[in-house]
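Protein chains: 2
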Amino acid sequence: MSIITPRGFLAAGIACGIKDGKKDLAIISTDSPTVTCAGVFTSNLAAAAPVQISKKHLLSGNSNPRAVIINSGNANAATGKQGYQTAEAICERVAKELGCSVEEVLICSTGIIGTPLPKDKVIDAVPKLVNSMGPTPQHGLDAANAILTTDTFVKQAVIDKGSYSVAAMAKGAAMLAPNMATMLAFITTDAKVSTPDLFSALKYGVNRSFNSLSVDGCTSTNDTVLAFASGQSSTEPTVEELSEVFEQLCQDLAIQMMNDAEGATKVLEVKVFGAIDDTQAFKAAQKVANSLLVKCSLYGQDPYWGRVVSELGSAGIDFNIDLVSISYGSSQVCKSGQKASFDPEIVKEYMSNKIITITINLNLGQGVARFLGCDLGPGYIEENQGTS
Amino acid sequence: MSIITPRGFLAAGIACGIKDGKKDLAIISTDSPTVTCAGVFTSNLAAAAPVQISKKHLLSGNSNPRAVIINSGNANAATGKQGYQTAEAICERVAKELGCSVEEVLICSTGIIGTPLPKDKVIDAVPKLVNSMGPTPQHGLDAANAILTTDTFVKQAVIDKGSYSVAAMAKGAAMLAPNMATMLAFITTDAKVSTPDLFSALKYGVNRSFNSLSVDGCTSTNDTVLAFASGQSSTEPTVEELSEVFEQLCQDLAIQMMNDAEGATKVLEVKVFGAIDDTQAFKAAQKVANSLLVKCSLYGQDPYWGRVVSELGSAGIDFNIDLVSISYGSSQVCKSGQKASFDPEIVKEYMSNKIITITINLNLGQGVARFLGCDLGPGYIEENQGTS
Chain A
1 MSIITPRGFL AAGIACGIKD GKKDLAIIST DSPTVTCAGV FTSNLAAAAP VQISKKHLLS
61 GNSNPRAVII NSGNANAATG KQGYQTAEAI CERVAKELGC SVEEVLICST GIIGTPLPKD
121 KVIDAVPKLV NSMGPTPQHG LDAANAILTT DTFVKQAVID KGSYSVAAMA KGAAMLAPNM
181 ATMLAFITTD AKVSTPDLFS ALKYGVNRSF NSLSVDGCTS TNDTVLAFAS GQSSTEPTVE
241 ELSEVFEQLC QDLAIQMMND AEGATKVLEV KVFGAIDDTQ AFKAAQKVAN SLLVKCSLYG
301 QDPYWGRVVS ELGSAGIDFN IDLVSISYGS SQVCKSGQKA SFDPEIVKEY MSNKIITITI
361 NLNLGQGVAR FLGCDLGPGY IEENQGTS
Chain B
1001 MSIITPRGFL AAGIACGIKD GKKDLAIIST DSPTVTCAGV FTSNLAAAAP VQISKKHLLS
1061 GNSNPRAVII NSGNANAATG KQGYQTAEAI CERVAKELGC SVEEVLICST GIIGTPLPKD
1121 KVIDAVPKLV NSMGPTPQHG LDAANAILTT DTFVKQAVID KGSYSVAAMA KGAAMLAPNM
1181 ATMLAFITTD AKVSTPDLFS ALKYGVNRSF NSLSVDGCTS TNDTVLAFAS GQSSTEPTVE
1241 ELSEVFEQLC QDLAIQMMND AEGATKVLEV KVFGAIDDTQ AFKAAQKVAN SLLVKCSLYG
1301 QDPYWGRVVS ELGSAGIDFN IDLVSISYGS SQVCKSGQKA SFDPEIVKEY MSNKIITITI
1361 NLNLGQGVAR FLGCDLGPGY IEENQGTS
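Keeping their order, the protein sequence lines are chains A and B.
In terms of my numbering, the first sequence opens at residue 1 and continues consecutively.
In terms of my numbering, the second sequence opens at residue 1001 and continues consecutively.
What the hints contain is simulated information worked out from the structure, not anything from laboratory work.
The beta-carbon is built from N, C-alpha and C at its ideal position, and this holds for glycine as well.
Possibly wrong hints are sitting among the right ones.
[As the list claims (entries may be wrong)] In silico DSSO-like pairs for lysine-lysine, Cα to Cα no more than 30 Å straight-line:
#	chain 1	residue 1	chain 2	residue 2
1	A	K339	B	K1056
2	A	K339	B	K1023
3	A	K19	B	K1335
4	B	K1055	A	K339
5	B	K1348	A	K81
6	A	K56	B	K1339
7	B	K1203	A	K283
8	A	K23	B	K1339
[Unchecked claim] Okay, the calculated bits of chain B under chain A, using three or more residues with CB under 8 Å as the criterion:
#	region
9	1044-1052
10	1107-1115
11	1218-1227
12	1372-1379
Based on the provided sequences and hints, a complete structural model is requested.
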């Protein structure tokens, strides 16, 4: 079970020398003539060179992408024209090796920002990378390994739908591993999917997973999620079905990411009900999940709901404190904006769990949202106080 | 030098039992018939009862406020109707003691959210509080002490303009001391100032100080800044002059707050130049100062400017990475969006300073802004992981 489980894909992961002998270069490739591809990219205006190039190639019109090459250890971000030229040269080398056009090659990088990517190391390793490609689970695992930065485990997921399958691999979450930057994810399927449907399903899945979680509220320069459909199976799922499958797959990866969040000891799930609309519910859930004070109290296992109320009041949403209720797990701690009667021992025990759910009802409308976060403990600071 | 330095004011600070024998109840009072008053309050929609009541009294029209009573240790926030009635009852008791109307009494609270304020303790202490009032520096110091929560030192400032003076006292910064919530500040002057001019000068000063700093990006339920002008001197400064004096005074207090930020080891000053306009410059400076990643790297004394670029790119402002330059102190570390040539030893030494200035030039326009922040170290988590 790996990224090459769906028919029509090959993968490889090798060490090219960016990360001192550790696997740091991966490829996913297809020779299917019916392949389609869709991508979503970081909204950061300091988007890295590989993001700019992948977007350009994907939108060039002549492309049914043949491959994506991914390096870890260096983000090739804030590296100017030279960085852009380096990324383009790598794509050219891969295209030459695969016998396709440069526009048919996409590129992703993840790692430190502001340091030039060692161009020669990557380009010299391309023939070996392409020669290493294969269709076995080990090939998929090698690729999944080579894209990791400070992740402590490989993140993969596969859904078998019988007549077709969908697989994915990922690393990091948002700026989870900021020294090494970026969240990357790759999805493959052998279903037959048009490019517009693939894009719709991808956006649907990403919005309900990666875009609804945060480790520290930062948006990286390199975030990229790419989906490839080889069309090697005869099945043509509806866009609705595929969207649900992508959502399920991406949520699986999202939970894996949060469980691997640097320095974090707990996963926080914030559920908001009763907002004026879903947009306001999302804003509220995100505000609470990103609050330093809420994150710290989570680390300290302290159900201090006053902080949640305060965040809701400053979330920029419609809000009436007299209507708000808040629960930690199944214990309602705040009712009508005031302290509810609850058993502190039960709440205290609940706070020792690894996954904490805070449920908020604003009692104003039908808007709902869910957002994943994590706690803030000394481990995060330990990981992020320096680059070396 | 204290809050009673300007003529026409009395102050007191005593212990009423909220904080186990520590000073926790203060009053500033004036019997000047020409007094004017202006206030700015938290934008948090979960604004505490005292905030609601002070706003109501201040806007009631019939009021030239005679006094403000302040308690620490309990925010009287998220306490429902009962909390509102408690705050109103305290104002009534003060009014009775001073022989004025209830609308002439303002009230501020700071402390834990969601726990009822012990009404009787406060009300029973009002006669003693009023009897303790006096015009000496010790009276001012007592008041400045009684409003503190987890602050480690008293925050006061006085500016002597010869024919009139302006004084202030404050506690906390934003949600700096979130267990005890809130930033409060009080300004007195014996200048003759109309209410509209006083409000203008107050907004001017606050926007350029307290509204341009953040410890953790959280907006408390109780933030309040009040200014009183007794009119006891014959001097009538222009609104421009008074605005400048208020700015100077508030900045003095703001720096005192940042130096006392819980768990922080460094003050961060972010200066942005070359934004499209001042609003965008402010957004950019605020985004960088509030970034967990920047704050962690500051704690770790690591000049990782890639994080600054990434925050700028996701600040929601006009941005062209190829034009950006960034300096740490006097060392330019990023030029035209790429690594500049600088002496790492000089930068490393600079990062060991207590106050770090990051200067950004977006090179797009004439917008400028300045924002104060602090680092994020284990001390913040230590202070904020629990309420007990």
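Here's how the hints hold up against the structure:
no. : hint              : in the structure
1   : A:K339 to B:K1056 : holds, 25 Å
2   : A:K339 to B:K1023 : holds, 26 Å
3   : A:K19 to B:K1335  : holds, 27 Å
4   : B:K1055 to A:K339 : holds, 25 Å
5   : B:K1348 to A:K81  : holds, 28 Å
6   : A:K56 to B:K1339  : holds, 25 Å
7   : B:K1203 to A:K283 : holds, 28 Å
8   : A:K23 to B:K1339  : holds, 26 Å
9   : 1044-1052         : holds (count 4)
10  : 1107-1115         : holds (count 4)
11  : 1218-1227         : holds (count 4)
12  : 1372-1379         : holds (count 3)
When each numbered hint is compared with the structure, no violation occurs for any of them.
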